[in-house]
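**Student:** Chains as they are written, first to last, in the numbering used here: chain A, 2 to 252; chain B, 438 to 635.
Hints were generated in silico from the structure; no laboratory data involved. Cβ atoms here follow ideal geometry from the backbone N, Cα and C, with glycine treated the same way. Take the hints with a grain of salt, since some may be wrong.
Estimated spans, in silico, between C-beta atoms of each pair [claimed, not checked]:
#, chain 1, residue 1, chain 2, residue 2, range
1, A, Ala85, B, Phe551, 28 to 38 angstroms
2, A, Arg110, B, Ser490, 53 to 63 angstroms
3, B, Glu460, A, Asp187, 42 to 52 angstroms
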Amino acid sequence: MLTKRIIPCLDIKDGRTVKGTHFVNLRDAGDPVELGARYAEEGADELVFLDITATNEKRRTLGVLVDRIARQLNIPFTVGGGIAAVEDVRDLLELGADKISVNTAAFRRPALIQELAGEFGSQCVVVAIDAKRGADGEWYVHLNGGRTATDTRCADWACQAVEAGAGEVLLTSMDHDGAKQGFALDLTGRLAQMLPVPVIASGGGGQPAHFIEVLQAGADAALAASIFHFREIAIPDLKDHLQQHGLPVRR
Amino acid sequence: MGQEIAVIRYNAGNIRSVRLALERIGATALVTDEPDRLRSADKVIFPGVGEASSAMRYLRDRGLDAVIRSLQQPFLGICLGMQLMCRFSEENDTACLGLFEEDVQRFDPGGKPFKVPQMGWNAITGLQGPLFHGLGEAPYMYFVHSYFATLGFDTCAVTDHIHPFSAALSRGNFYGVQFHPEKSAFAGEQILRNFLEL
Numbered sequence: 002m003l004t005k006r007i008i009p010c011l012d013i014k015d016g017r018t019v020k021g022t023h024f025v026n027l028r029d030a031g032d033p034v035e036l037g038a039r040y041a042e043e044g045a046d047e048l049v050f051l052d053i054t055a056t057n058e059k060r061r062t063l064g065v066l067v068d069r070i071a072r073q074l075n076i077p078f079t080v081g082g083g084i085a086a087v088e089d090v091r092d093l094l095e096l097g098a099d100k101i102s103v104n105t106a107a108f109r110r111p112a113l114i115q116e117l118a119g120e121f122g123s124q125c126v127v128v129a130i131d132a133k134r135g136a137d138g139e140w141y142v143h144l145n146g147g148r149t150a151t152d153t154r155c156a157d158w159a160c161q162a163v164e165a166g167a168g169e170v171l172l173t174s175m176d177h178d179g180a181k182q183g184f185a186l187d188l189t190g191r192l193a194q195m196l197p198v199p200v201i202a203s204g205g206g207g208q209p210a211h212f213i214e215v216l217q218a219g220a221d222a223a224l225a226a227s228i229f230h231f232r233e234i235a236i237p238d239l240k241d242h243l244q245q246h247g248l249p250v251r252r
Numbered sequence: 438m439g440q441e442i443a444v445i446r447y448n449a450g451n452i453r454s455v456r457l458a459l460e461r462i463g464a465t466a467l468v469t470d471e472p473d474r475l476r477s478a479d480k481v482i483f484p485g486v487g488e489a490s491s492a493m494r495y496l497r498d499r500g501l502d503a504v505i506r507s508l509q510q511p512f513l514g515i516c517l518g519m520q521l522m523c524r525f526s527e528e529n530d531t532a533c534l535g536l537f538e539e540d541v542q543r544f545d546p547g548g549k550p551f552k553v554p555q556m557g558w559n560a561i562t563g564l565q566g567p568l569f570h571g572l573g574e575a576p577y578m579y580f581v582h583s584y585f586a587t588l589g590f591d592t593c594a595v596t597d598h599i600h601p602f603s604a605a606l607s608r609g610n611f612y613g614v615q616f617h618p619e620k621s622a623f624a625g626e627q628i629l630r631n632f633l634e635l
């Protein structure tokens, strides 16, 4: 039986791992190469690496970091942040990434998803969606690391992205991110049941019960950052809890 | 190891991942599409992520299909590589290399809540043969695929997604795995080590 995946996420700024709350108030969480190695050793099912460094100049150091992590990582490795063209993806895959994650650029120009899926296959194209609930109770897509609101509903964009060739959706609730009060169960469950591709839940995981809830709601995988970086939950212990609740996990 | 491991260069990706995985277990690989280098290598690895018909066309155009069929040393196909070693693939109705007698079909969830592609970790069972030495009864491997090889005479490992299918095939010196040993943590590394020791 296909297992539910637990995915630590490294948010990278200037070569260091950082973590914020609701996408702001960043604090340092350590060396990404060391963290990546530790998570693979502990039984993480995948590693996601999101570059939140804005400028092109700093982006060059990113390649070095991707290369260093890929050399030692024996689990799948997704890299995202600022990807806007086929050439960016070719470079990252050559450096050892297995999948790439696109967000703002894909929303601005959905043909990018088709181009990437056509060139490299849907299996390596993850579409990341940052979601925030509006005053009307609906979930809306936000761009540019959450700074720019849109009037597009998350479910609509997720369907469009999958039709264009996205092989997976990484759904982050900005309202839940960093708060450790649980994932956005309603939206995640709805998208996971609606979409024919895997949905990764992100934002809000603070204790094992939160992971159990969101995976039982239908998420195929759950992603978290600070609770792993700051050793609040060890991955093997989290998997013990999931297994005790009847969720299939890799041991 | 001191042996020469050739990784076949063709128009299907993830060669870098396979090379890095071999480096992690202390081996180095030569990435090549030269027939003489493939024939003289101690081991040949045939990786692959991509689409069957264009990959087969690429191999045929360069005569690599005949070269592969003639190889005598241990040969390992991974993912699409394994599928191309089968008889036929439903992916754009492609005649493949015919090294295994099984066929490749598309997953059909048939209205059930299964996702296609199968993406993630699944257990492999019914393990037979030297590739699986030192592994437990049902180790987990990382899969990403929309097509699967049917069960048959050459099946040497089974996985269940929607229904049971061949997670690995073997016949003579030819081996194929549907999962990605290069991305399957320590269990995957053990399979690569076992292959290098054949």
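**Student:** Each hint needs a verdict: does it hold in this structure or not?
**Tutor:** Checked hints:
| no. | hint | in the structure |
| --- | --- | --- |
| 1 | A:Ala85 <-> B:Phe551: 28 to 38 angstroms | 33 angstroms, holds |
| 2 | A:Arg110 <-> B:Ser490: 53 to 63 angstroms | 29 angstroms, violated |
| 3 | B:Glu460 <-> A:Asp187: 42 to 52 angstroms | 45 angstroms, holds |
Figure legend: structure checked against the earlier numbered hints; the only hint not met is number 2.
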